[in-house]
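Going down the list, the sequences are from chains A and B.
Just so you know, the first sequence maps onto residues 1 to 368 in the numbering used here.
Just so you know, the second sequence maps onto residues 1001 to 1216 in the numbering used here.
By construction, these hints were calculated from the structure, which means they are not laboratory data.
For clarity, every value in this text was computed on a predicted model and none was experimentally measured.
Don't take every hint at face value.
As the list claims (entries may be wrong) - Taking lysine-lysine and the DSBU-like style, the derived pairs with C-alpha atoms no more than 30 Å apart in a straight line are:
#: 1; chain 1: B; residue 1: LYS1057; chain 2: B; residue 2: LYS1023
#: 2; chain 1: B; residue 1: LYS1047; chain 2: A; residue 2: LYS366
#: 3; chain 1: A; residue 1: LYS366; chain 2: A; residue 2: LYS153
#: 4; chain 1: A; residue 1: LYS325; chain 2: B; residue 2: LYS1057
#: 5; chain 1: A; residue 1: LYS244; chain 2: B; residue 2: LYS1057
#: 6; chain 1: B; residue 1: LYS1057; chain 2: A; residue 2: LYS366
#: 7; chain 1: B; residue 1: LYS1023; chain 2: A; residue 2: LYS244
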Amino acid sequence: RSQPTPYRLETEEKISSAACGYGFTLLASDTTDITKVWGMGLNKDSQLGFQRSRRDRAKGYEYVLEPSPVPLPLEKPQQTRVLQVSCGRAHSLILTDREGVFTMGNNSYGQCGRNVVEDEMYSESYVIHQLKEFDSRVVQVVCGQDHSLFRTKKGTVYACGWGADGQTGLGHYDITSVPTKLQGDIAGVNIIQVSSYGDCCLAVSDEGDVFGWGNSEYLQLACVTETTQVNVPRHLPFKIGKIKEAACGGTGNVVLTEEGNVFVWGYGILGKGPNLIETAVPEMIPPSLFGRSDFNPDVRVAHVRCGLSHFAALTNRGELFVWGKNLRGCLGTGRMEDHYFPWRVTVPGEVVDVACGVDHMVSMVKSF
Amino acid sequence: VSVLGIGHGNKLLTDLHNCHLTKVYTVGGLFGKATDDFSDTGKLVEKTTFDHITREKLERILAVIQGTNHKALLMHSGIDMKTQEAYELAVRGLIRPMGRSPPIITAIRCLQLALPEFQLEIHCLHETQQYLRKVVHEIGLELKSSAVCTQVRRIRDGVFTLDDALLRTHWNLQNIQNAILDCQLKVKTELERTLGLQADRHLHEIDVEKAQAAES
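Produce the complete structure using the sequences and hints provided.
Structure below.
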């Protein structure tokens, strides 16, 4: 069964942050109430924490069918707020304002920032790890497929987890179980945004430059190197203007420039018709596809997001455009076919933010 | 703007109809009332307040209308969205239904808002007057109030604009001939662009007819 059009999910609190993992979702509110995070979907690796079964209090649910509270071991639960959540293949990261980052889920590669325990059983596990030792407060957490990235207030990036594609950017291809600072071309650079979802990573600096590392089998980093695995952050010398935001998918990447233009590169359905399947150099998607016309000359794309094989763009008018592979109707357009160029999604309200997963999407909407 | 065809112009009219070009209307509306036929002369059904309506709210509703209609535009065009051709047309904004379809609005904007009155400019395809009145009514509902339509005025029909139109006082042979001449090029270009027809053939016949008319 699939849900090809947006379906309204009733929640107890106003949701400020959402993240889609590989088959599960986390919703978070910035409230000071005790329950701040809800999860649903796959829980075989306890990526949603321990979900106590109602029938047998000793056992936990492996599948959570409706948004259920995720218990967090907070020291001051009535003061701390959850700022952001992120989900990977089988692990989750929860960022708080005063108590650091909480990690849960699969830790076979150290992606939860703690030492790998041999033969650890991740299912029905209570283990939630807390990470506090960074050079300054963590302001953004990003989950790749099996690795984690942390961005601090000072503009440094830390990583841990699977590194076979170089996605940890630490100069080697091994796993890392303790968040370690990245160097390479981003050493000393003030990074203001990081993104990852598969095995490739992108970072944007305050000066509008973009840096990449990780998997490059799909030409994501081919503009600087022929190697298919890049394990140190490299500057991507694109001449498309200052970059404001970047989003990384499984095989394709997208960036948004200061002028509000959207550029795509990589492999897959990139958004410029069925003829563009791969490119190493970013190509611009014509702004007319996002609603800009002589009639509406002020329409600009405000945010770009990436799922594993699809893209989403939010305009300053609160409209949501999607394109890419339409796995199980995840694009929300009501059709089951893939979309080769940006297509409007009908949502009863102004879309504030959207989170993309592998085969599902969550959007936060302000009603009219 | 009302388009009339003379002689061989009638054939051109059919061709122009097949181009499915948009018509533009200025639509006047009034907030606070709802009637059974959506116009201000109908039977009053409901009265509501409208002080909460702002230009911003109106424009947001208009943006939504444009969005959903844009989707309908693409869907009814009958073009396979998976082709490169569809992408090229979409970029240039040339996708539109080339056959029968329900009324579709291609663009809508607010010209002025002076509560309780407002005026909209609507570009549409395959519309009826009743549909335009209904749009006004629905805008009223979306803004949590109600509205009736007070005026519908066509200001453009395909390539013909208000500037091409002749006032009633100017309805004489000389002006009509001049008007036909002026519009000839526009009509020919549009027909060639959309239908790729040999429009020259038809226009040549008009020239012949005009020459005959001038002689007599």
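30 Å limit on alpha-carbon distance, applied to hinted pair A/LYS366 and A/LYS153: holds, 29 Å
Between B/LYS1023 and A/LYS244, is the straight-line Cα distance small enough, at 30 Å or below? violated, 40 Å
Please verify whether B/LYS1057 and B/LYS1023 have alpha carbons no more than 30 Å apart. holds, 26 Å
Below or equal to 30 Å on CA atoms is what counts here, so check A/LYS244 against B/LYS1057. This hinted pair holds, its Cα atoms lying about 29 Å apart.
30 Å limit on alpha-carbon distance, applied to hinted pair A/LYS325 and B/LYS1057: violated, 34 Å
Does A/LYS366 lie within 30 Å of B/LYS1057 when you go C-alpha to C-alpha? Given that 30 Å is the threshold and the Cα spacing comes to 13 Å, the pair holds.
Can the restraint linking B/LYS1047 and A/LYS366 be considered satisfied, given a maximum Cα separation of 30 Å? Cα-Cα ~28 Å, so holds.
Comparing the model with each numbered hint stated earlier shows that hints 4 and 7 do not hold.
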